[in-house]
Amino acid sequence: ETGVTQSPTHLIKTRGQQVTLRCSSQSGHNTVSWYQQALGQGPQFIFQYYREEENGRGNFPPRFSGLQFPNYSSELNVNALELDDSALYLCASSTWTSGIDEQYFGPGTRLTVT
Amino acid sequence: TQLLEQSPQFLSIQEGENLTVYCNSSSVFSSLQWYRQEPGEGPVLLVTVVTGGEVKKLKRLTFQFGDARKDSSLHITAAQPGDTGLYLCAGSISNFGNEKLTFGTGTRLTIIP
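If you're matching them up, the sequences are chains A and B in order. Quick note on numbering: our numbering labels position 38 of the first sequence as 38, and the sequence is numbered without any gaps. Quick note on numbering: our numbering labels position 105 of the second sequence as 105, and the sequence is numbered without any gaps.
Think of the hints as simulated: they come from the structure by calculation, not from any bench. Treat each hint with caution, since some may be false.
Unchecked claim - Heads up, simulated DMTMM-like pairs for lysine to aspartate or glutamate below, C-alpha to C-alpha not over 20 Å straight-line:
no., chain 1, residue 1, chain 2, residue 2
1, B, K57, A, E102
2, B, K70, B, E41
3, B, K56, A, E102
4, B, K70, A, E102
5, B, K57, B, E41
Quick caveat, the model's predicted, so the values are computed rather than measured.
Start from the sequences and build out the full structure, keeping to the hints where you can.
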């Protein structure tokens, strides 16, 4: 186990609704990254938070937003849900040491939008 | 747009056989990581390679980073059913820290007992 936890495990929402996903990072890690993994594909980077500030964003619309808290836990918020938002949402925590950013993933939240 | 292409996409072999999975890109990466993911779980980090030409071994798994740091391979010797899973390579472009990982398309490996 990586020590990264996510909640909830599964979630079903309807189109147009809003959702909040949560992630607790591994002890000692100050960076959290969020990824979307559609069925049969590799994870796609959504954004990253470092010390409570957004530190890079992938190709996702503004209705995907996030927060990082002083204890380095994080939330991913998605507004106006669309059917294509159905995916496994992964968070990964890391800390940059010796020039390498090794990311450790949580088990994911499976979101289904109907 | 996926910057990392993995091949093969699917691989099913008998227990005891050897196999190689490839991860190719036109981009240069400062580091490359390999993960294994099982159904319903997040990816688990197997190894990180940083130097061009670097070879790392993890029991029966051998990882190599290409000399130009654009490609990588994963070789499994004497595959076992426990090796079954989705293998993902992921590259980091910047070495200034806290950069996004760009994931490959994945190789789904099935080892038949």
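- Among the hints numbered above, which are violated by the structure, and what are their numbers in rising order? Violated hints (numbers, rising): 2 and 5; every other hint is consistent with the structure.
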